[in-house]
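*Asks:* Residues per chain are reported as follows:
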Amino acid sequence: MLDAQTDAATEKTLEIQGITKSFGAVHALSDISFTVNRGEWIAIMGPSGSGKTTMINIIGCMDRPTSGAVILDGEDVSSLSAEELTVIRRDKIGLVFQQFHLVPYLTAVENVMVAQYYHSLVDENEALQALDRVGLLERARHLPRQLSGGEQQRVCVARALINSPKLILADEPTGNLDESNGKIVMDLFRQLHAEGSTIVVVTHDPDVAACAEKTIVLEYGRLARITDNPPQTGKVEQAGETAQTTLDKQA
Amino acid sequence: MPPKTLKTKNKTFLFRMLAMSLVRRRSRMAVALVGIAIGATVLLGMVSISYDIPRQMSLEFRSYGANMVFVSAAGAQVALADAEQARKLLPAEQLVGMTPFRYLNIRHNRVPYTAVGTDFAAVQKTSPYWQVSGEWPKGPNEVLAGADAAEYARLKPGMELAIDGVNSKGSRFRGKIRVSGVVKTGGKEDGFFFMALPDMEKLTGESGVADVIELSLSAAEADLKQLAGAVHETVPSLEARLVRRVTQSEAAVLGKLKMLVTLVTGIVLVLTMICVATTMMTVVMERRYEIGLKKALGAGSRAIAREFLAEGLVLGLAGGLLGGVCGLLFAQLISVEVFARTVSLRLNFIPVTVLVSALVTMTACFWPVRRAMRVDPAVVLRGE
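Just so you know, the protein sequences line up as chains A and B, in that order.
Whatever position you read off the first sequence (first residue = 1), add 10 for the working numbering.
Whatever position you read off the second sequence (first residue = 1), add 5 for the working numbering.
Worth flagging that the hints you see were computed from the coordinates, not collected in a lab.
Be aware that one or more of the hints could be misleading.
To be verified - Anything over 12 Å on all C-beta distances counts as not near chain A; from chain B, calculated:
1. Leu19
2. Met264
3. Leu318
What the hints assert, rightly or not - Partial list, derived from the structure: chain B residues whose beta carbon lies under 10 Å from chain A:
4. Arg21
5. Lys263
6. Gly297
7. Ala308
8. Pro382
Source: prediction; values computed, not measured.
Where is the CB? At the ideal position from N, CA and C, for every residue including glycine.
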């Protein structure tokens, strides 16, 4: 029993093994390697042109590396076809975007149901529960244009969570939000992390990166350093019971 | 394998997405819908007119005179009894008129003229282009003088003149006729005197024959040929001939008109396709991020194609239905304006129009859908 718990704790959700990505003569990424364990929250930082976008495309299964391996949930996805990558994205990744990208003619709950529709089966009650989880049950029947930026981003988070993905991949999740809404969204990420979600956040904001356990810094397409961030107050307390309850609910 | 009810839930959600896409983006969809509806309107209008053109033009051509004549197969005169027997072979609804003409040489003041015995009521049907000044003959011995003959003999409506001549048996006859009107056709008729056939029979003492019977039939050349054959077969003494200058020009005009309508219909279909394809292409470009998002969420290319084709299908069906109804009105309008007659409304054309419209729209969606399928899901990241 003890061994099983230890295995689960060290289970690798994502392994990046010496990947490079070239566009003709331009090397966007060179020999990058790192690991994201299950339940871990890491941030990827770097200035413009450092290869962040290429990195997120590869982690999000929207692009393939020129060489090296990307192991997601034990499966090497680095040489899969576009259609196979679509299946991996659908089953294993929850995406949160800087510009929210909600379908403009669908309500908040319908936007969450879109992810269910492409994943497996739609369940409106489950979608409403996901909105409740991000504190938006009251706004479930509103169209995106009737929601504030922060609310739209929370719908985006609910949509990312709805299929219980192995990895939540967030691209500048607070990039288009003011400070107060940014804080609400980051609190939501803290809560998800406490509940056991594995999160990768790509950001240029040091405050957002500081919320993660580790920060991976890219410079000129190379891995400059990996730093461990000091634990934040209140983070540990939120884990435990809440996480277990939510996982039970999802199961 | 998910249970059937859950699968149905997914289908219901697809319809919900489709409905919301059409309803909440109605201004954009309206542009596409109007394009398709206009195409369908012109299509149905043109097809209706094209279908009705033979009927309309046939009636129109009947005002240009006879298109068939009965003459004696032996080169003699035609017995009116034989002509009556042949009349029974002709479809009553197609027979506009049948007019006997009997030619007779007469003299007035020692000047020879040609008198023609006929049926004035029938002439007005088979030759509606005759222009008569004065009145059509009503009483006994009243005649129409051809314009040239009247001018030569200095005759006016109301004047009487003495005539004489010799019948086919060599017996001389004399009589008096009264000019009730002067006829002008621009043809050989302008040199003749026209009298009622019974008056001529009385004058000459010979009855029951005519030299030629002119017929006006509302039928196409091929049908006329068939009828002519049937007449000769049943009444061998008669030979039915087509008036080629009328039937052939009718066929030629009809053929050209039909070709023109077909061409216009084809062009309209192509234009509709281009209009729909352009609109759908714009829709795809506008919804690049939405398509990218759906792909990022795990939608396969087929699922994206299915959604766009379903939208195209709904637009095609709705536009086809709208255009079908408008098309009937359009056809009516054109027919009244051009032919001064109403077109027969064929409601069964509407489902065909809806079907063609849906097919054209789906075909037009082909290229935009292919483009949508190729949208890179990475567009949703960092607004690329």
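*Asks:* Now tell me if each hint is right for this structure.
*Replies:* Going down the list of hints, with the structure as the test:
In this structure Leu19 (chain B) is not separated from chain A by more than 12 Å, as the shortest Cβ-Cβ distance comes to only about 7 Å. Every C-beta of chain A lies more than 12 Å from that of Met264 (chain B), the closest at about 46 Å, which supports listing it as non-interface. At roughly 18 Å from the closest C-beta of chain A, the C-beta of Leu318 (chain B) stays outside 12 Å, upholding its exclusion from the interface. For the restraint placing Arg21 (chain B) at the interface with chain A, the shortest Cβ-Cβ distance is roughly 7 Å, inside the 10 Å limit, so the hint holds.
The closest approach between the C-beta of Lys263 (chain B) and any C-beta of chain A is roughly 46 Å, which is over the 10 Å cut-off, so the hint fails. Contact between Gly297 (chain B) and chain A, as hinted, is supported at the beta carbon level, the nearest pair being about 8 Å apart and thus within 10 Å. Among the interface hints, the one on Ala308 (chain B) holds; its C-beta lies about 7 Å from the nearest C-beta in chain A, closer than the 10 Å criterion. The interface hint given for Pro382 (chain B) is met, as the beta carbon of that residue sits about 5 Å from the closest beta carbon of chain A, less than 10 Å.
Violated hints, listed in ascending order, are 1 and 5; each of the other numbered hints is respected by the structure.
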